[in-house]
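Given these sequences and hints, build the entire structure.
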Amino acid sequence: MAKNEQIIEKAVKRQVGDAHPNGKWVWTEYKPGKFDWRPIKSGSSAKKTPASTSGSDDKKATSAPSAQTPAQQPTAPAPKKTQYDAPEPKIDYQTKKPHKEAPFLVPESWNVTAPGGKLKKQSRSQLRDVLKKKTDNEILGFLNKTGNNENLRQLAYEEAAARGIPEDKIDVSGTLQKKWDQLKRQHDLLNPDVDDDKSEEEYGTYDMSLLENMDIEAFMENFPDGDLGWMERDHPKVMEEFNKFVSLSDRQRYDAFLDYQKRQDPYYESPQDQLHGLNRQLFMFMNNPGGLPIFVSSGGAGAGKTTGMLKVAKESGLERFDPARHQPGDGSYDFVIVDKDVDDEKEFRKLLAEHNGKIIVFDDKDKLLTSTSSPIVSLMKSIGDGNPEMRVFKNMEGKQEQFRGKLMFITNKSMDRLNKDEDHKAIMSRAAKNDIKFTVNETLEILEKRYKTMGGKLKSASSPQEEQDIRQELYDTILANRDKIDPNKFTVRKFSELLELADTIISTNKQAEENDALGDLFGGKKDWRRSIIKELNKAEDIDIEKSAEEDLAEMDETSKKKMKECFKKNPKVCKELFGDEIIKLLNSDKAAESEEKETEEEVKKALEDSLRSMTIEEAEDIIFS
Numbered sequence: 001m002a003k004n005e006q007i008i009e010k011a012v013k014r015q016v017g018d019a020h021p022n023g024k025w026v027w028t029e030y031k032p033g034k035f036d037w038r039p040i041k042s043g044s045s046a047k048k049t050p051a052s053t054s055g056s057d058d059k060k061a062t063s064a065p066s067a068q069t070p071a072q073q074p075t076a077p078a079p080k081k082t083q084y085d086a087p088e089p090k091i092d093y094q095t096k097k098p099h100k101e102a103p104f105l106v107p108e109s110w111n112v113t114a115p116g117g118k119l120k121k122q123s124r125s126q127l128r129d130v131l132k133k134k135t136d137n138e139i140l141g142f143l144n145k146t147g148n149n150e151n152l153r154q155l156a157y158e159e160a161a162a163r164g165i166p167e168d169k170i171d172v173s174g175t176l177q178k179k180w181d182q183l184k185r186q187h188d189l190l191n192p193d194v195d196d197d198k199s200e201e202e203y204g205t206y207d208m209s210l211l212e213n214m215d216i217e218a219f220m221e222n223f224p225d226g227d228l229g230w231m232e233r234d235h236p237k238v239m240e241e242f243n244k245f246v247s248l249s250d251r252q253r254y255d256a257f258l259d260y261q262k263r264q265d266p267y268y269e270s271p272q273d274q275l276h277g278l279n280r281q282l283f284m285f286m287n288n289p290g291g292l293p294i295f296v297s298s299g300g301a302g303a304g305k306t307t308g309m310l311k312v313a314k315e316s317g318l319e320r321f322d323p324a325r326h327q328p329g330d331g332s333y334d335f336v337i338v339d340k341d342v343d344d345e346k347e348f349r350k351l352l353a354e355h356n357g358k359i360i361v362f363d364d365k366d367k368l369l370t371s372t373s374s375p376i377v378s379l380m381k382s383i384g385d386g387n388p389e390m391r392v393f394k395n396m397e398g399k400q401e402q403f404r405g406k407l408m409f410i411t412n413k414s415m416d417r418l419n420k421d422e423d424h425k426a427i428m429s430r431a432a433k434n435d436i437k438f439t440v441n442e443t444l445e446i447l448e449k450r451y452k453t454m455g456g457k458l459k460s461a462s463s464p465q466e467e468q469d470i471r472q473e474l475y476d477t478i479l480a481n482r483d484k485i486d487p488n489k490f491t492v493r494k495f496s497e498l499l500e501l502a503d504t505i506i507s508t509n510k511q512a513e514e515n516d517a518l519g520d521l522f523g524g525k526k527d528w529r530r531s532i533i534k535e536l537n538k539a540e541d542i543d544i545e546k547s548a549e550e551d552l553a554e555m556d557e558t559s560k561k562k563m564k565e566c567f568k569k570n571p572k573v574c575k576e577l578f579g580d581e582i583i584k585l586l587n588s589d590k591a592a593e594s595e596e597k598e599t600e601e602e603v604k605k606a607l608e609d610s611l612r613s614m615t616i617e618e619a620e621d622i623i624f625s
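Using this note's numbering, the letters of the sequence shown map in sequence onto residues 1 to 625.
No wet-lab data here; the hints were simulated from the structure. Incorrect hints may appear among the rest.
In silico DSBU-like pairs for lysine-lysine, Cα to Cα no more than 30 Å straight-line [said to hold, decoys possible]: (1) K178 with K97; (2) K433 with K184; (3) K96 with K169.
Label-pair distances were calculated between CB atoms; the ranges are [what the hints assert, rightly or not]: (4) N387 with D421: 20 to 30 Å; (5) Q264 with K90: 50 to 60 Å; (6) D364 with P89: 52 to 62 Å.
The beta-carbon is built from N, C-alpha and C at its ideal position, and this holds for glycine as well.
Here it is as structure tokens:
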């Protein structure tokens, strides 16, 4: 089911203000068009709903974010929603009509590609007004052209029903029927058959049901203000509370708690803002000739750490080492991405000597961070020394050499895994760090913005629209089955893996239909959605955050100048990398500089005016004092 349909389906079943049977939550529109259970605030009232027989009234009040859509905190009162404005039908058409609980509701506006390739905005209300003025034959012309845009055909279908045009004159095959079928499939995925004696909230969600019995306040008493031990899986109290994560439900319960607790922070940043913060740190590290010599970007598998680093380098005008064009150590490049992992001290010293003065990037190659070899540990400590003159190593000739470059590590391991003992804690203490710990909800928030473009071109799709339909259905399938997701094994990258699987199955299904021999070989047609559900909890093991103000305050003048040049050169890309907030701050910084300059000029002018009214002797006393 598409997102709009999910919203409407939920809204039909509940009204804003309805109380949950447990008496602790209220049905809330926390964002325009998005609904979920939220804690009842003290002093507020909620409409009563039939009481549950589960005995939940005796449980301690807790709250949890949504599991159907990425959870977010309410930000502002929701604007009044515009109702869907379909005219009253005179005829209830029966011809392959959409599912009654999954109607096709045309959006208020959408873009179409006009001749010449330009995008043109279409309005539902405007098109309705146009269709009202058309003849019956013209309406049928729009509706019965099977290749027309499905939105236009749906509006024509609704207008035909309102006029009472006989059903035998309409043809809904093609784009319109395809859209209806898609909505029906999505509805079935999101609404599996369930036992009547189980509540609706037990399906497609795990957050509320698993957190309901947890005394969050009592658990958080183990962590004084400022102690973020609750974010570390290996913390003894965390291990105890969540049963050492031995079962899927234990891991899901911890993920739900982590998501909920993070969002209690008044300074909580969205996943996208966290990535913006990472990009700012990368920019500062790569453009600041001083500062700490080591940077570690950890966690958040598939979130875009490497992509962000490469974009930052490009917008900073930094040249990547290319063995076909550059010699190691020459002045024509700025950074090098190591092509193999390094776990040998001799090999490490060779690398430092060859690219001394450059940024050496270890992308998904973190053995130097986890090595237990004493020589490597000692060398890493030396490279990270706070005094640049103490950052020394022995080159391949055995001569002592000062390291003038920087080391950057991009790893999927979490920071608590990198701080496994005192030696490695000492290394981490010498490094600038950014540790991303995305929950399932946060990962889905990122996917929501990326799934339409992630992965390569699909070989199974015969048109761009079919490709988008597959992506949409895959995303909807993930949302519908998120109760099967193992938080330890779910990353942004998982979507691309599942998309490739879906593409393979759909493509081979088509080949099996055309070739009986291949059909026998493949075992006939296969439902790719079932395969997706099966694979959802099978991904790689997964072993942030500063404000924009802090980032800017820590940025040296060289880095500020570089960033301003970046904005001037390519504002759109830099806005995407660093976010709106840093732009505002840079502008305010610029305004402050201008104000300071004006003040200096005013003082200078005042002094000049004062000097003109003085005697020569008085002026000399001021100038030479």
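Here is how each hint holds up against the structure:
| no. | hint | result |
| --- | --- | --- |
| 1 | K178 with K97 | holds (11 Å) |
| 2 | K433 with K184 | violated (47 Å) |
| 3 | K96 with K169 | holds (14 Å) |
| 4 | N387 with D421: 20 to 30 Å | holds (24 Å) |
| 5 | Q264 with K90: 50 to 60 Å | holds (54 Å) |
| 6 | D364 with P89: 52 to 62 Å | holds (58 Å) |
Of the numbered hints listed earlier, the single one contradicted by the structure is hint 2.
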